[in-house]
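Engineer: Letter by letter, the chains look like this.
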Amino acid sequence: MFKINLARLVLKEEVSSLVEEIEKLTKASVLIQDANRRAIKGEVPKEPAGKYPVMLNGKIIGWVCGSRNASVIASYLSQLAALEVQKRSLGRETLEKYKELTLLYDLSEKLSERLSPGEVAQLVIDETRKIIKGDDISVTLVNEETGLLDIFTAGGREPDPAADLGPLGFFVENVINTGKAEIVNDVLSDPRYGSSGGNINSLICSPLKVKDRVVGAINIASKKPVSYSAEDLKLLSALAFQAAADIENARLYNSLKETFLTTVLTLAETIEKRDPYTWGHTQRVTNYSAAIGKTLGLSKLEIERLALAAMLHDIGKIGIRDSILLKKGKLTTEEFEEVKMHTIYAEEILEHIKHFKDIVPAVKHHHERYDGTGYPERLRGENINVMARIISIADAFDAMTTDRPYRKRLLLDSALYELKNNAGTQFDPVMVEAFFSAYDSRNILPKVD
Amino acid sequence: MPSILIADDELHIRLLLEQTLEELEEEGVRLLFAADGHTTLEIIKKERPELVLLDVMMPVMSGFEVCHHIKNELQMDDVYIIMLTAKGQEFDKRRGKEAGADIYMTKPFNPDEILKKARDILGM
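Chains as they are written, first to last, in our numbering: chain A, -5 to 443; chain B, 275 to 398.
Warning: the hint list may mix true and false statements.
[Said to hold, decoys possible] List time: in silico DMTMM-like cross-link candidates among lysine to aspartate or glutamate, alpha-carbon distance up to 20 angstroms:
1) Lys(-3)(A) - Glu299(B)
2) Lys93(A) - Asp310(B)
3) Lys104(A) - Glu94(A)
[Claimed, not checked] Here are a few chain B residues that sit away from chain A, every Cβ distance over 10 angstroms (derived from the structure):
4) Leu298
5) Glu324
6) Pro382
7) Asp394
It should be emphasised that the hints constitute simulated quantities derived from the structure, not laboratory data. These figures come from a predicted structure and were not determined experimentally. Yeah, the Cβ is synthetic: ideal placement off N, Cα and C, and Gly gets one too.
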């Protein structure tokens, strides 16, 4: 129940002015006191005074002292107090609902970034912890391939193979099979557990449902004897509803992304196959670029785009004739001019595809040089797209460490020396430094036969 | 007695904020209310509240105008202003800063965050 502070109520402008109005009309003043007889408003009346209690739910919360009007004012204040309680309880309920809403809003906000199902599960665990008490919160997802249950516990993005629901497994499986949420407040005495209840006292478990399909469950267990309420379950169900949709979305998105990347890689490798000398080049340049990007502290999303650009860096070679692309001897000036065109062809191919638009500069400019003497646009320094500057090093390093039709590969040390030696002329020195730091921490592993 | 002004034209937001700050009221903070920009300005001038929770979209005078008036023309730097506006109006953030708002929060606001911030500002 809410405590009502009579003083605060009486001192509200609309209340005090009404009391004064009554005093004026009845030509008599009153003294209003709190339950402990401390004065709130007015002075001790001169006329012989009666005392009338201000009541709330059978309790005295204050007094009105005065003559003929005092009882009216006392009952008016009693009514106001009752209304105030009603308003407060509505207010509190509304606030609880609002908090619930903010919670779901926060969750969907965070989820608008592209995440893996495991990362979504982590978020769900974190958000659940904020609203419901429990020692052990886990998300169980039905693995679509194996049909088994993957268990995600706090702090892990991948399913925890060591996690074991133990005696709770029965309940979680039951929730997943029936699609119905469950609260068990006294686990030990539940006959379904028998004697294997372990040290868990209470649990609450809600299925994760997408339409009518159960994709998993959120499970909260408490070692301390707590009493989970229907209100807790309602809150958890609201969260589960949102979480299930997001986990499903993450799954779909990730499988779509996988399909997409496989398609792109296949495409890149098809082009690569025309030139047997460059076998594996695309994959290695992609790996090296990603390693450099990671060292530079790029975000997960940026590294994904960088890897995609690296995968497609030579896509424009599709437009170069075999007689030039596969030529064993030195290229003539005209032939070299044609080879240079692969950066322009790449732009022409990629710019039409919405999903590739942002990586066009990275692909187009991977042959620019830091000193401004590269191609196709002779861009200089930081004017060159940052991803292009990364791919440029990865590309050069792989070219130097593999055999080409017109030359044998360099020794590893010579290749490394070349990179260092060309920092500031061909390459961005910052990127070269990042390359070496990735190399030293064995994140760049060159091809060795 | 320290005071906080809740300025929003929507009754339900005023009620929510009142409920959010209820425990401060128990501790002696006076809560004031205004439902339009003009009233907001009058109350600030008269009561000089320590904190104003100021909605951007209000009739008569917008939150920006009120804020600009308070901070620039009246130079009332001791009045801490939290601007509140609907999510997705990110460009408002810059206008809010220009108008002199101390901080900026988006709706749906997090009640616990507002309460904590109010406690910090009032030193309670």
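Engineer: Failing hints, ascending?
Structural biologist: 2 and 6
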